[in-house]
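Given the sequences, and given the hints that come with them, work out the whole structure.
The residues making up each chain are set out below.
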Amino acid sequence: MSDTDPIIELRGVTKTFGRQRVLDEIDLRVERGRNTVIVGRSGTGKSVLLKHIVGLLRPDRGAVYFAGQRIDTLGERALVPIRQQISFVFQLNALFDSMTVLENVAFPMTENQRGRLDHRKIRALAERCLEMVGLRGFERKRPAELSGGERKRVALARAIALDPPPRVILYDEPTAGLDPQRSDAINKLIRRLQEHVHVTGVIVTHDMKSAAEVGDRLLVLWNGRFIADGPPTEVLQARDEHVRRFVQGIAEPEDLRLINA
Amino acid sequence: MARSNALTAALAGFGAGTLATLANFGRFWLFSLHALSFVPVELVTVRGWRRLLPQCFHIGACSVPVIMLTGMFIGMVLIVQGYEQFDAAGLRDRLGAIVNISIAAELGPVLAGVMLAGRVGGALAAELGTMNVTEQLLALRSMGADPVRHLVVPRFLACLFLTPLLTAYADLLGALGAFGIFVGVYGGPPEPYWAFTREIVQLWDLGTGLIKALFFGAAIGLVSCYKGFHCRPGAEGVGQACTQSFVVSFILILMLDFFLNVVLNGLYSVWYGYRSLI
Ligand SMILES: Nc1ncnc2c1ncn2[C@@H]1O[C@H](COP(=O)(O)OP(=O)(O)O)[C@@H](O)[C@H]1O
Ligand SMILES: [Mg+2]
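Line by line, the protein sequences are chains A and B.
Each residue of the first sequence is one higher than the one before, starting from 1 at the first, in our numbering.
Each residue of the second sequence is one higher than the one before, starting from 262 at the first, in our numbering.
Don't read these hints as lab results, they were simulated from the structure.
Note that beta-carbon positions come from the ideal geometry of N, C-alpha and C, so glycine has one too.
One thing to keep in mind: the hints can contain errors.
[As the list claims (entries may be wrong)] One side of the interface only, derived from the structure: several residues of chain A facing chain B at Cβ under 10 Å:
#1 GLU76
#2 SER87
#3 GLN91
#4 ASP184
#5 ALA185
#6 LYS188
#7 GLN248
Given below as structure tokens:
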């Protein structure tokens, strides 16, 4: 396998829920060590797409590959070694209610890297990751006692607190609900992880500023297909009507019809 | 024409309902077998016990007060119900034995089971249902951890081990409550009360009660975890899972009770023959 092979590849992935076709013959090759940003209106299937990459959802048609291995046909047990290389920041954070913040952040390490890391190392790394997201002193709190933005940052800390670091991190709206300063810090963190630790990032976001800042490549998902793909600077200047309206945050005429009537 | 259409629709609806029920039943068994397959390893590892002990506290220790109350009131009410009749028939001294055997073999396990189905089953379905709808189960899977092993097995084992223990507690409090009313309120003589109880209530009765409790505990644990894991999205889905887990556990307890009694009574007559309680 050469370095230019994609680390994640989706081929013709189609997913329907009932009668609703969410993904329509999606093709995507994610390059190693680069940040790929996916934007699109809410409800277009961005989260559904991310879940296909770790086998939490299975395509109706098409195939999903990780590091050259087909994974959409694997059973839960066979997926474990794949999943241990990928971290997932969920849109709803999905922190474990019954654990403290520190236990949440340490959980992937205690679960998967017990043989390699001892208790003290795990604790130290978890604390350092909490510090990176600005949550020093929150170790003993429970997720229920945190604000939305703080929870998001705990979820980020949990995704990066692995030694060795994960090969891929899937970020589902990592800056949603954060103030502009925190968003900026998180964007820089995502960039640093990619530049210095060579983590491949797949970032789903609505935040165009963040997309331009962290992305090496920007894709726009629209009605189950990608309608734009390229370096952020190019996509942000695209001519396509839908893309232009989306990146500039201008509502579609059909969405305004009822409001203006 | 219209009539046959309505009939076809009704039959189709019935068929679809039956299929859905069967599919659900199959899924429940697969889920249960999956959980059971982890029991040996969870019982011999430190990590397994680390997960089990907190559940034992939530499910067991925290249920003690309500179980005590349940047991005590059953014992007390049985004396109130039976005293006059037994006294008039000249069987007052044997009332304790009848009440105690009823508690040990039947009422203790069933009512403790029902109490736990409400208290523990509802809480488990709500907890796991909430974890389900907030994607915590997906998060576990995405980290390569098995949610069934992490969440279901400790809760199931805690229910399995602690329901008999709590039932024994209910039995004890039931016997004490009955005795208290018998002597304290009705002024019955204490010595023959215990003498007849010793003579009639056998280890068998206590044992079968506890064996039944073991089955009830398994049913409560598996049903409520299953309902939580398969609840519909939203707060409404979690609420439904709670209600259903209680109703299904309750019905299962009654059904298990019936069939276990048939089997255990059969075994008793084969091994020991007939015995008279009066
Ligand atoms: N498990 C599911 N069952 C049914 N429909 C789903 C499920 N997950 C997502 N959907 C539907 O798929 C569509 C895309 O969802 P999602 O990927 O979460 O959107 P977003 O792009 O905002 O992340 C939505 O319309 C949602 O209703
Ligand atoms: Mg989403």
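Determine which of the earlier numbered hints do not hold for this structure and return their numbers in increasing order. Numbers 4, 5, 6, 7 - these are the hints that the structure violates, sorted from lowest upward.
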